[in-house]
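Line by line, the protein sequences are chains Z and H.
If you're matching positions, the first sequence starts at 1 in this note's numbering and goes up one per residue.
If you're matching positions, the second sequence starts at 272 in this note's numbering and goes up one per residue.
Read the hints as simulated data drawn from the structure, not as lab findings.
Note that this is a predicted model, so its numbers are computed, not measured.
Glycine residues also receive a C-beta, built at the ideal position from the N, C-alpha and C atoms.
Not one of these hints is a red herring.
Which bits of chain H does chain Z cover? Going by a derived footprint, with three or more residues having C-beta under 8 Å, they are:
(1) 319 to 327
(2) 521 to 534
Distance condition first, Cα-Cα at most 25 Å in a straight line; then the derived SDA-like pairs of lysine to any residue:
(3) Lys510/H - Asn156/Z
(4) Lys5/Z - Leu484/H
(5) Lys268/Z - Leu395/H
(6) Lys398/H - Ile10/Z
(7) Lys5/Z - Val487/H
(8) Lys5/Z - Ile482/H
Calculated Cβ distances over 10 Å to all of chain Z for the following chain H residues:
(9) Phe353
(10) Tyr356
(11) Val360
(12) Ala381
(13) Gln445
(14) Asn451
(15) Ile457
(16) Gln485
(17) Val487
(18) Ala489
(19) Asp493
(20) Gln499
(21) Ile504
(22) Ser540
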Amino acid sequence: MRTAKVGRHIFLMVFAAMWLAPIYLLIINAMANTKNYMDNFDWAYKGFQPLPNFKAAWAAAELTPGLISNAIYGIVGAGVSVALAALSAYAVVALNPKAKQVWFWLIYGVNLVPIPMLLLPLFDIFARTGLYDTRAGLLLVYIGIAIPFAFFLSRNHMLSISREIVEAAQIDGASKLLVFTRIFLPLSWPALGAAFLFQFTWIWNDLLFGLTLTVSSNVRPLMATLSTLVGQYSTLKLPIVLCVTLIASLPTAFLYIVGQRLFITGLKAGS
Amino acid sequence: MIQTENKLGRLRGNTPRPSWLAFRGKLENAKNQRRKEGFGTYLFLVPATIGVLFVLLYPVLRTLWLSLTDTEGAGVGKFIGFHNYKTLVKDPILLRTMSNVAIWTIGTMALPVFLGLVIAYLALGLKGSAIYRMIFLLPYVLSGVAVASIWFHIFQTKGLVNQFLAGIGLERYQQSWLLNYPQNTISMIIAATWSGTGLIVILFTVGLQNIPLQTVEAATLDGANGWQMFRSIIWPQLKQIRAVVIGTALANSLRTFDIVWVMTQGGPSRTSETLGVTMYRESFLLNRYGYGASIAVLLMVLVVSVSYFSLRGGLKRENSL
Chain Z
1 MRTAKVGRHI FLMVFAAMWL APIYLLIINA MANTKNYMDN FDWAYKGFQP LPNFKAAWAA
61 AELTPGLISN AIYGIVGAGV SVALAALSAY AVVALNPKAK QVWFWLIYGV NLVPIPMLLL
121 PLFDIFARTG LYDTRAGLLL VYIGIAIPFA FFLSRNHMLS ISREIVEAAQ IDGASKLLVF
181 TRIFLPLSWP ALGAAFLFQF TWIWNDLLFG LTLTVSSNVR PLMATLSTLV GQYSTLKLPI
241 VLCVTLIASL PTAFLYIVGQ RLFITGLKAG S
Chain H
272 MIQTENKLGR LRGNTPRPSW LAFRGKLENA KNQRRKEGFG TYLFLVPATI GVLFVLLYPV
332 LRTLWLSLTD TEGAGVGKFI GFHNYKTLVK DPILLRTMSN VAIWTIGTMA LPVFLGLVIA
392 YLALGLKGSA IYRMIFLLPY VLSGVAVASI WFHIFQTKGL VNQFLAGIGL ERYQQSWLLN
452 YPQNTISMII AATWSGTGLI VILFTVGLQN IPLQTVEAAT LDGANGWQMF RSIIWPQLKQ
512 IRAVVIGTAL ANSLRTFDIV WVMTQGGPSR TSETLGVTMY RESFLLNRYG YGASIAVLLM
572 VLVVSVSYFS LRGGLKRENS L
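Isolated chain H, as found in the complex (with noise of 0.2 Å):
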């Protein structure tokens, strides 16, 4: 604040101190100024807009487009109206590749969300829980494909988790992790466990320290013991950053693509599969873009409603304090 009065100052210092009639004559004078400057305001605007409309926008509508139509390869192909939407809804590729969604969406569920909310809870107040928290955000830094790269060979064949299982004597355990299914995907759940538990972290340690504290003294008062605590007293006032959570981790575990494509491809035979690797294999291997593009807003309708959803949640309970 004392740096903005500052600069203020210097530019005041400019200017001299204007009597109240000069000040009146400014203040129109800007008003004026203001309408007929209407026009920098846009000069702020355009530049951004431009990036985002060649970058983001028209492709979007792009490829709504193109869901539309069957075109393979170069140019745009004829216009087939939702015949890629009833391919899509039958399509065995398509099924498993659901089914892994599917499985990512509970396996999201069960470990970071998880995870990232006993961590929370547990390390709040601590001596030392800046230190915990910075060490499950270090993962999240990493690219997906440095993180595929770690997880990769603790999962391989003869990677560290089959070692592992030989040397507690549990050989019988040992298997091809990344080769069958559903073992690939959930050994990849894993792995984006380790890359995004961090986050949700911070999120709910921000929930969590936007209790206020009367509350929990009222409970602990009244000889709530920390079960009861937690039960009664933090988790209905965590509503908000819940549904601000899942979204998150949801909409994350949807758009997942870097994990498959280094640790399996998809594979094998195609059975580890999100919709951002089957999209991918579509469009750029297989060249069928229309198909692919049905693909892509498959994805981009459940990561929007996701969010839709979360954000709703999160609102709700603004509006109702």
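Chain Z on its own, in the form it takes in the complex (with noise of 0.2 Å):
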């Protein structure tokens, strides 16, 4: 039995130790001196020299207005569409709609769809309406693509509410949205912490959208900017690439590990 656990952890930890390897990698080229650098990874240590590598990259990438566009999208779009899907779950929840089937398969049942399959209308869409390459534009599409998940999450939530609560308090005269904000915001708070946790990391994630419908850079999402810094026919040293790389998954990495828990609970329910 002994001999048995000792052999897991060894299996584990080759495996752990290959997981962590890349990241390993980013990390010390990342920081590598850029001069004498060969533009090929390396194990070895390359010297380290972080700060004129952040600056260099933040330049390349225009970091400022790319930050603050993620952030921008990550957080309002993720803390609206939480918000929007909440209320909707707790009306098909608690409030027994007329055909609340339709109602719950109309909002979660484009869930699957794959984005290749929406973006020709809204380029379209964008094009004609001046929505192209701005952030309002961009903002509402990833309100809209986050909604259904979100909206999934929170109503198996809030099935588990118990219907005596609810009928008690409107009993007793309590209008339907103070239901929903004494009762059932309250109650919910993990599972729309999850919800915008996880709706925050895809968007901030996202590179299609990003890609077709945006172009300068004070609009472009940090991940479609990166991509065309990355490849055969980038004009920039390795070490810089990888220090934009390593910003732009700083964010989502340190939410991640801050609130592991919560985004455990986020794919055990989407799946």
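With the hints in hand, could you dock these two chains into one complex?
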């Protein structure tokens, strides 16, 4: 029994090391000295100069507008979509609307649709209405795309809230809004938090919408910008590209480490 | 729960406790009110619905329509029935893309799904299992672009894999991983494995934790060894979660775009495209909107059927329990 456990640990440690290696490579090479750097990934220590690399990365990827845009998309996009999703989930669960199932499938049913299915019409609408290459336009898309899954998560959670509490409050004359803000909202924070974290990460990491619906550097989300810096045609020094990659990944990595439990709640419910 | 009662107490504190008769009256009132205020209910539903209609439902319907037209560039072209779909079946580029989709499907089963199960099973109940799971899930929160940015430098011709092969004296196996078919697709599946396995570990862990302990204990008493235990006790009881995992993993691999777009742009000569990349190239680089739309529809049909079968598999199991 004992040896079996040791064997399991060894197996898992080997794989865990393999999983951490690319992150080690990312960090060590993002900090490497850019002089004498042969533009190959390297295991070995190649100097340590985080500040100059950060500065160069910041300038090369125009990170000031990029990070501001991404923060707006992520925070507002996920925030608004989770709020709208919570309201509608509450209505479906507690207010007995006519054709409950229809509302449910109307809001949730399109969750599975792959993004390429949406790109052409959105591009067309954007081009015709002046939403193309605006933060407002992209934000609207992110809000819409994030609703179905946030709705699904909040609904599942709200189903577990006791009917008696709700009916008691209604009998006491509490309005629909009051029941929502005083009972459903406080009881749903874990689910709503998980939905927010999840959708924030999704929006932050999006490439396709950014690539299709924006072009100027102060509107383009980070990943779309980064995607043009990586690859055969990149003119930047490798450590600088990796530094951009690292900076762009830090916010979601940080949120994941801080909110791991919520994040896993979202994962489990989503599949 | 205590919190709820407090909140409710506060709510109740505002109104005097009703007598039995007043209570009945209130009940009636509440019912009438609910009927009268029915409209209010829809105020809660409408904002989310508008968002979904504008961003998801309308585009889906319009893409379906576009796929039946010869649209190129602005405006809508003329209706040509299923012509785009007929072209699609004969298009050599699409055939190559579908062969890549097949490689992605097999690769996803062989790498993230298999590895995820092994890791979840071996980590279960070990001291530090939460730390292992956290490490495997970490790459999952990185964007596809970031993953590609790292793995591009591992697989590129002067990259880490080739350096490593040289280091252990296997120069003759060095090659341009990202420039040859099908090594380019296989390389990218490995990158996707790194980012996607964590999710599968989590899902299988949930499935394993739901297995009743008595069944395992009974098998131990009967003297089952490790493999017998897994084969006859654990594996059959994972049926439901297996459907979910396979469905999720395959749907994700069908959708792959970011990693391919950044690592190879689908190249060289369009040999490593996935459906998403082919759709993007046909639509936005070659301006064949109608044709691009039909590829998007094909992708949607595949994703929805994979998800549907996995869901049905899961539900069946639930019913039979």
